[in-house]
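Novice: Next come the chains, spelled out residue by residue.
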Amino acid sequence: MATIQIGENEQHPDLALVASARTGDVQAFETLVNKYDRQIFRIAQHITQNREDAQDVVQDAFLKAYEKLDQFQGNSKFYTWLVRIAVNESLMRLRKRRTGKMVSIDDDIETEEGSVPRDLADWSPNPEQNYGQAELAEILRKTIQGLPHGFRIVFVLRDVDGLSTEETAETLGLSVPAVKSRLLRARLQLRERLSRYFRQKKAGEK
Amino acid sequence: MTCTEFLALLDEVIDDEVSAQTRSLVREHLKGCDHCEVTLNTTLKTIEIYRDHDIYEFPDSVRQRLHDVIIARCKNGC
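Chains as they are written, first to last, in my numbering: chain A, 1 to 206; chain B, 1 to 78.
Be careful, since some hints might not be right.
Unchecked claim - Listed below are several chain A residues computed to face chain B (Cβ distance under 10 angstroms; list not exhaustive):
hint, residue
1, Gln27
2, Phe62
3, Tyr66
4, Asp70
5, Gly74
6, Asp119
7, Glu128
8, Gly132
9, Thr165
10, Glu167
11, Leu183
Stated by the list, open to error - Okay, the calculated beta carbon distance ranges per label pair:
hint, chain 1, residue 1, chain 2, residue 2, range
12, B, Pro59, A, Arg118, 36 to 44 angstroms
13, A, Glu67, B, Val18, 38 to 46 angstroms
14, B, Asp52, A, Ser175, 28 to 36 angstroms
15, B, Met1, A, Thr31, 46 to 54 angstroms
16, B, Arg27, A, Glu67, 20 to 28 angstroms
17, A, Asn75, B, Gly77, 22 to 30 angstroms
18, B, Gln64, A, Val116, 41 to 49 angstroms
Said to hold, decoys possible - Taking beta-carbon pairs under 8 angstroms as the criterion, some of the chain B residues facing chain A (in silico):
hint, residue
19, Val13
20, Ile47
21, Tyr56
FYI, nobody ran anything at the bench for these hints, they're computed from the structure.
We put the beta carbon where it would ideally sit given N, CA and C, even for glycine.
With the rest of the complex left out, here is chain A (with noise of 0.2 angstroms):
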């Protein structure tokens, strides 16, 4: 993934948008919305599993953004102080769906399943070739939506969204150590399950 390495001493080009944003310059929050837009979808999706819950969370957290924009310190990147407010508009929908049974991210997780990595076939010469492009989409959904959901917004986070593990854990209020065990976990869980789907076929197997 292409990251943009900013200096020390650089400014991150958001705090200007943020800046003028808090001065009632609409335009500079729009450039805002239209650069993370798509990403706020995708973890709203992931954590709420529902399509009008997550374009809801998109809406609702970038108003409670606007809303907030004086409360933010700068000590963190904007995006990463999007995500939190998405995070717990996220899960905040998933309780209301779950008729206000607490949730957090925090639930499913006492799982051994996928510690250890059981199916070791390969996947060569390249799993994406045996599929088109709506099934395999299928497949990478029904995954990763069978693990936890504490599980699932680490990977999302860190492997997809490319959020440091620092990062990751201020995002949703966990220490390193947990970011990073859940990660393996998700990441091996994942791979475990995709290898049902990709796994090389032997001479005979069907």
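The hints should help you fit chain B onto chain A, whose structure is shown.
Specialist: For chain B alone, kept in the frame of chain A given last:
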């Protein structure tokens, strides 16, 4: 290096956070261990495939509708 030791280092290996000395021990282990090599390669592929494929559609028409609502409400002071 044993397979268990390799597995404990898997994330650091993937994220390239190991020292040169550990990297060489890992390389040595992988040369003689097909299972760990497959685990590493397929885990790398797992990450890559999720990174490269947007599995949830976010159509432009929906984006535009949400933008219009967000910006209209920002203009009205939310």
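Novice: Now, for every hint given, state plainly whether the structure supports it.
Specialist: Now for the hints, and whether the structure bears them out:
no.	hint	in the structure
1	Gln27	holds, 9 angstroms
2	Phe62	holds, 5 angstroms
3	Tyr66	holds, 5 angstroms
4	Asp70	violated, 13 angstroms
5	Gly74	violated, 20 angstroms
6	Asp119	holds, 9 angstroms
7	Glu128	holds, 7 angstroms
8	Gly132	violated, 12 angstroms
9	Thr165	holds, 8 angstroms
10	Glu167	violated, 14 angstroms
11	Leu183	holds, 6 angstroms
12	Pro59(B) with Arg118(A): 36 to 44 angstroms	holds, 39 angstroms
13	Glu67(A) with Val18(B): 38 to 46 angstroms	holds, 44 angstroms
14	Asp52(B) with Ser175(A): 28 to 36 angstroms	holds, 30 angstroms
15	Met1(B) with Thr31(A): 46 to 54 angstroms	holds, 49 angstroms
16	Arg27(B) with Glu67(A): 20 to 28 angstroms	violated, 52 angstroms
17	Asn75(A) with Gly77(B): 22 to 30 angstroms	holds, 26 angstroms
18	Gln64(B) with Val116(A): 41 to 49 angstroms	holds, 47 angstroms
19	Val13	violated, 11 angstroms
20	Ile47	holds, 5 angstroms
21	Tyr56	holds, 4 angstroms
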